[in-house]
Amino acid sequence: MKMELSQASRWYGNVVAVNDVTMTIGPGVTGLLGPNGAGKSTLLHMMAGFLAPSGGTVTLDGTRVWKNHHIYRNIGLVPEREGVYGFLTGWQFVLSAARLQGLPDPVEAARKALAIVEMEEPKDRRVETYSKGMRQRVKVAAALVHDPPVLLLDEPFNGMDPRQRLHLMDLIRTMGTAGKTILFSSHILEEVERVAQHIEVLVAGRHAASGDFREIRRLMTDRPHLFRIRSSDDRRLAAALMLDSSAGGVALGADGLEVRAIELRRFAWLLPRVARAEGIRLLEVSPADEDLESVFSYLITRSTS
Amino acid sequence: MMNTVVAGITYRALLGRRRIVLLLLLPLALLGLALLLRLAGSADQRSAMLLMDKFAIGTMLPLLGLIAGTGVIAPEIDDGTIIHLMSKPISRPVIAQTKFLVAASLLAVFAAVPTYLAAWLLVGTEDGIASGFALGALVAGVAYAAVFLLLGVVTRHAVTVGIIYALVWESLVGGFVQGARKFSIQQWAQSIADQISTSPFLQADVTLGFAVPALVIATVAAVFLAGRRLRAYSLTGDE
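Note that the protein sequences, when read in sequence, are chains A and B.
Under the working numbering, the first residue of the first sequence is numbered 1, with each subsequent residue one higher.
Under the working numbering, the first residue of the second sequence is numbered 1, with each subsequent residue one higher.
Isolated chain A (complex conformation) (with noise of 0.2 Å):
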């Protein structure tokens, strides 16, 4: 099944929180990445029929999505917040999804996709003394009951430990592979390449790139980078850098240079060569803005300019 948006925006009052997006979502894993306030969650609350677009239109294969609750036998939906009743067991809670699906086998149904989260164990205890990983699990499994052909995570693997994120990553593969449209939001570039075969940037509301994991990376490494460099001897260095094409521009200052480098590769291929020739020995060698924010600050001006 196909997710379309069609211009979608959505403003509170004079902020808007998503501006202007068209995309579709298709089978297989879309990872939606962004910094923190970027939009991901009104975008996906808008996908999920848990909020209305102020413009533009949401679709699930051509039919509206905003007040429309026959989408739900079609769409899994995993929220953010923990939203599980805290005093039924993870069994009770899970059945209740399938019963609330009115599916023909409501009790085989919790068991099959408790099995899927490796939740049988646990399944008797009340969702109250669970772990938030534990929770993240259940709430997956009751999203699963029904096996829906497009499921929709918030930032699914936050709050799990190592392990049971790298179970998920696997699910979440695995239902990719098999067909299911698969959407995920997260701030982790990391956490998006590991599970996504296809990813969406979005950077302060705006739909600020989009393609495969390869082609995202190569436009989060091609753009330039600031490094920090001290070494025995700033000045020769500098004017030895500046030799070479893949150097951008050189700052001299009084603990050390800052150069940036327009081709990262080669750049860092040459660096050790060109101190070496020298004779100059490199004390430091620090990236100045390899922080996600400035990544991402990046692609915004590329693609608004």
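Calculated from the structure, these hints are not laboratory results.
We put the CB at the ideal spot given by N, CA and C, even for glycine.
Keeping only pairs whose Cα atoms sit at most 20 Å apart, straight-line, the calculated SDA-like set for lysine to any residue is:
hint	chain 1	residue 1	chain 2	residue 2
1	A	Lys67	B	Gly80
2	A	Lys2	A	Ala178
3	B	Lys54	B	Arg38
4	A	Lys67	B	Ile77
5	A	Lys67	B	Arg231
6	A	Lys67	B	Val154
7	A	Lys67	B	Ala232
8	A	Lys67	B	Ser91
9	B	Lys54	B	Phe201
Away from chain A, derived, C-beta distances all over 10 Å, residues of chain B:
hint	residue
10	Leu22
11	Leu26
12	Asp53
13	Val109
14	Gly124
15	Val154
16	Val206
17	Thr207
18	Val212
19	Ile217
Position chain B relative to chain A; hints supplied.
Just chain B, lined up with the frame of chain A:
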């Protein structure tokens, strides 16, 4: 139209563990007071009327209405668990109707039945006082369930608004301003009780011809509006 799974979860949320104490406190106080009056030898129609009017209908019923009416939905909206019910192929009005039926049934058990018992402790079946007030409490309880359910869906401050309505509007304004009394669920309950009871101590201010349609309209409109509001329920992210 109701959904048994939604009803089951709602009953468990309201009756489970310590929550039930909230629902039991006031009816037990009512029965305790009736018992005290009886032991003190003042079990007559006048004291029965006073206890019914001031406590059973005037205090217990609106407060229980508030606890049950908002309690069936407001906490779930607050902590986000309502998403579990709403992300399913069930129409939102059916969810609202189910929640309403749960609240109304709780009020029948925890308000109407104790009202009957308390009046019976004082005056037995004399002059239809017990059955009159019990029916009044039942019908008004249904209306309270609907109105406070709507309140719980519309505002996050349902309990505050509900208390202000029950105390300020129904008790204070209703007590002083003649016209305001017509628009008070309590007064409608009194009208019903008056209709059934032949006791000379009971004098309702609002005619039955106004009270009955008013109760029906308030209930149906509130449940309908609650369903409509749930249909447009929006998740506004933390972002």
